[in-house]
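Residue numbers (the numbering used here), protein chains in the order written: chain A, 28 to 368; chain B, 28 to 368.
Quick caveat, the hints were computed from the structure, so don't treat them as lab data. Keep in mind that the hints are not guaranteed to be accurate.
Identical copies look the same in the list; a pair holds intra-copy or inter-copy alike.
[As the list claims (entries may be wrong)] Straight line, CA to CA, 35 angstroms or less: simulated DSBU-like cross-link-like pairs of lysine-lysine:
#, residue 1, residue 2
1, LYS274, LYS148
2, LYS116, LYS281
3, LYS221, LYS148
4, LYS182, LYS221
5, LYS238, LYS281
6, LYS278, LYS85
7, LYS97, LYS285
8, LYS221, LYS205
9, LYS97, LYS288
10, LYS160, LYS85
11, LYS33, LYS285
12, LYS215, LYS205
2 protein chains.
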Amino acid sequence: MPELRKDPIIKRWVIIATERAKRPNDFKPSAPQFTKEEPCPFCEKKGKSNFTEILTRKENNTQPDKPGWKVKVVTGDSPVLHSEGDLDKKPHGIYDMMDGIGAHEIVIETPEHIASMDSLKPEQIEEVLGVYKERILDLERDERFKYVLVFKNHKTAAGSSSVMHSRSQLIALPACPKNVKGELEGAKRYYDYKDRCVYCDMLAQEEKEKKRVILDAGGFVAIAPFASRFPFETWILPRKHAAYFSKISSKEIKGLAKMLKEILTRRNNLLSDVAYNYILHTAPFRRPKPGYWSTIDCDYHWHIEIIPRLTQVAGFEWGTGFYINPMPPEDAAKFLREGKE
Amino acid sequence: MPELRKDPIIKRWVIIATERAKRPNDFKPSAPQFTKEEPCPFCEKKGKSNFTEILTRKENNTQPDKPGWKVKVVTGDSPVLHSEGDLDKKPHGIYDMMDGIGAHEIVIETPEHIASMDSLKPEQIEEVLGVYKERILDLERDERFKYVLVFKNHKTAAGSSSVMHSRSQLIALPACPKNVKGELEGAKRYYDYKDRCVYCDMLAQEEKEKKRVILDAGGFVAIAPFASRFPFETWILPRKHAAYFSKISSKEIKGLAKMLKEILTRRNNLLSDVAYNYILHTAPFRRPKPGYWSTIDCDYHWHIEIIPRLTQVAGFEWGTGFYINPMPPEDAAKFLREGKE
Numbered sequence: 028m029p030e031l032r033k034d035p036i037i038k039r040w041v042i043i044a045t046e047r048a049k050r051p052n053d054f055k056p057s058a059p060q061f062t063k064e065e066p067c068p069f070c071e072k073k074g075k076s077n078f079t080e081i082l083t084r085k086e087n088n089t090q091p092d093k094p095g096w097k098v099k100v101v102t103g104d105s106p107v108l109h110s111e112g113d114l115d116k117k118p119h120g121i122y123d124m125m126d127g128i129g130a131h132e133i134v135i136e137t138p139e140h141i142a143s144m145d146s147l148k149p150e151q152i153e154e155v156l157g158v159y160k161e162r163i164l165d166l167e168r169d170e171r172f173k174y175v176l177v178f179k180n181h182k183t184a185a186g187s188s189s190v191m192h193s194r195s196q197l198i199a200l201p202a203c204p205k206n207v208k209g210e211l212e213g214a215k216r217y218y219d220y221k222d223r224c225v226y227c228d229m230l231a232q233e234e235k236e237k238k239r240v241i242l243d244a245g246g247f248v249a250i251a252p253f254a255s256r257f258p259f260e261t262w263i264l265p266r267k268h269a270a271y272f273s274k275i276s277s278k279e280i281k282g283l284a285k286m287l288k289e290i291l292t293r294r295n296n297l298l299s300d301v302a303y304n305y306i307l308h309t310a311p312f313r314r315p316k317p318g319y320w321s322t323i324d325c326d327y328h329w330h331i332e333i334i335p336r337l338t339q340v341a342g343f344e345w346g347t348g349f350y351i352n353p354m355p356p357e358d359a360a361k362f363l364r365e366g367k368e
Numbered sequence: 028m029p030e031l032r033k034d035p036i037i038k039r040w041v042i043i044a045t046e047r048a049k050r051p052n053d054f055k056p057s058a059p060q061f062t063k064e065e066p067c068p069f070c071e072k073k074g075k076s077n078f079t080e081i082l083t084r085k086e087n088n089t090q091p092d093k094p095g096w097k098v099k100v101v102t103g104d105s106p107v108l109h110s111e112g113d114l115d116k117k118p119h120g121i122y123d124m125m126d127g128i129g130a131h132e133i134v135i136e137t138p139e140h141i142a143s144m145d146s147l148k149p150e151q152i153e154e155v156l157g158v159y160k161e162r163i164l165d166l167e168r169d170e171r172f173k174y175v176l177v178f179k180n181h182k183t184a185a186g187s188s189s190v191m192h193s194r195s196q197l198i199a200l201p202a203c204p205k206n207v208k209g210e211l212e213g214a215k216r217y218y219d220y221k222d223r224c225v226y227c228d229m230l231a232q233e234e235k236e237k238k239r240v241i242l243d244a245g246g247f248v249a250i251a252p253f254a255s256r257f258p259f260e261t262w263i264l265p266r267k268h269a270a271y272f273s274k275i276s277s278k279e280i281k282g283l284a285k286m287l288k289e290i291l292t293r294r295n296n297l298l299s300d301v302a303y304n305y306i307l308h309t310a311p312f313r314r315p316k317p318g319y320w321s322t323i324d325c326d327y328h329w330h331i332e333i334i335p336r337l338t339q340v341a342g343f344e345w346g347t348g349f350y351i352n353p354m355p356p357e358d359a360a361k362f363l364r365e366g367k368e
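With the hints as extra help, turn the sequences into a complete structure.
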């Protein structure tokens, strides 16, 4: 069972993945890296796999467990958290820990061996987004979970394995993550002072200034944020205020799928399919019950953050949480707006 | 002039290094990487350089600006922050920004072309630590600065350039960094509750348990922290409570230099000179004046964190601030204690 351990100073949780425990030699840079194209475990026409199917979206009239699926959600053979058991929170001297309970699911976005999400049809991306929604709503029913993180690691430099088959991941967590809490607190602080959502205000300013807007279409706006940490960092926000991604409508999914495909395609053209992560930022499950004057759900605004992995995170960033970005977001937005150098 | 921009939600500062502005092509992975050994700009017997000397520690009886130096502090030709000017804090609509005022200094640890700090003699490491102290005390006099981060990037995977000459960096900042604030707040929260320093309590527990102690010598203790984020993460703490590194005595510098050399050597032997960062964590300048009952300086404990760069930071870590560590710190400590597999 993996262990969740908490840093007593910074309140940062760490998953000690005991079942993945390695020896020093496994980390040596000289150790051979897996690079050759083994049979892809995510393809429709593959042999055996150790995956357990959780959800499959199929064409009409296809048989269960037969070819014809469009999107599939599976658990891998080495999930970072286990779904069976209780949290078993306990102290260890001055430290705190609990069992590594959670869920770790892989969303296989296409049965074909396609490497990159921007090569999928908009309808396929709609299916993927619909699956995110369905899985989040299902995991929310489990009272042990506080948050589901949906994210994508594209290429090895972004933390993916070397298997190039378009997929994303969901991890359900038994504690609201530090970074999500930080965002919620910041948004609440702004709301308490202004009675307005900080993301809505940001969108209003971006639309007026126009300098950092990349694309505005189908109910979604893509911007290069004012304080971009990374070159070509891009945020996609729904124009209409909404705290939970899981309440997205079918019509909105259509707009988001088109926006995502367009932004990823432009990024790909401009930066030669560089490694990237995207992360869905949404409100956690079961936020405190609102009182009469409560601001619940008025203060937070879900969005997607896309981070190209072009620069190295070094000692300075680790030590401070400051970032050094050599590309002003106004320039990045211009390049991405025009889709060329 | 670089710009400092603040994220309005997460209170995270970003340095937009306008003078380093690049075009998309500069980031393409296919662009040639600088790898050949050009004449090292940090060596004693080099040609011209664009460095400005700030401090030089010399052998006795050597001439200024002549060979014979032991450690040198310089500013580079493209510092990330400029030292001339005022902060000029200003709003930009709902956003906040200021001019990129600060100091960025490079500590050249040896005149010889030695790649790695663990190959230096203990006396050389003592000189380097003494220089850290001297520069921090000097920068503290500048009222514009709130914090100095001292860190090392060893090898390109840790964010260094490809020039392999042992060196470290100091960056003086006009705002106390988010990560430092988080640590100070966490330590204060513990002190308010317990009337004890959390780091001192941690040391007491580690010495009792013995499982995560790597080395205990010369007034310093090296541990694999309970909630290690990374395989072989190592913290070095002074056994005696102290908030400020800059108050370190000559005797303590001797102990720390020996400890640092020993830990870096063991790490090197075990992990084949893997890339790493180390970061000095110390209290910021001019903490609020103490009242009669104040806990000032009783709550925080300076230390050094060494982070080997063995695992990739992926979407999950970016999104949550959670980390996945495949190496239990008890195992890492055992390997580092024995210095072999």
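Verification of the hints:
no.: 1; hint: LYS274 <-> LYS148; in the structure: within (23 angstroms within a copy, 62 angstroms between copies)
no.: 2; hint: LYS116 <-> LYS281; in the structure: neither (42 angstroms within a copy, 42 angstroms between copies)
no.: 3; hint: LYS221 <-> LYS148; in the structure: neither (41 angstroms within a copy, 58 angstroms between copies)
no.: 4; hint: LYS182 <-> LYS221; in the structure: neither (41 angstroms within a copy, 47 angstroms between copies)
no.: 5; hint: LYS238 <-> LYS281; in the structure: within (26 angstroms within a copy, 54 angstroms between copies)
no.: 6; hint: LYS278 <-> LYS85; in the structure: within (21 angstroms within a copy, 71 angstroms between copies)
no.: 7; hint: LYS97 <-> LYS285; in the structure: within (18 angstroms within a copy, 60 angstroms between copies)
no.: 8; hint: LYS221 <-> LYS205; in the structure: both (24 angstroms within a copy, 23 angstroms between copies)
no.: 9; hint: LYS97 <-> LYS288; in the structure: within (17 angstroms within a copy, 56 angstroms between copies)
no.: 10; hint: LYS160 <-> LYS85; in the structure: within (17 angstroms within a copy, 65 angstroms between copies)
no.: 11; hint: LYS33 <-> LYS285; in the structure: between (40 angstroms within a copy, 30 angstroms between copies)
no.: 12; hint: LYS215 <-> LYS205; in the structure: both (15 angstroms within a copy, 18 angstroms between copies)
Comparing the model with each numbered hint stated earlier shows that hints 2, 3 and 4 do not hold.
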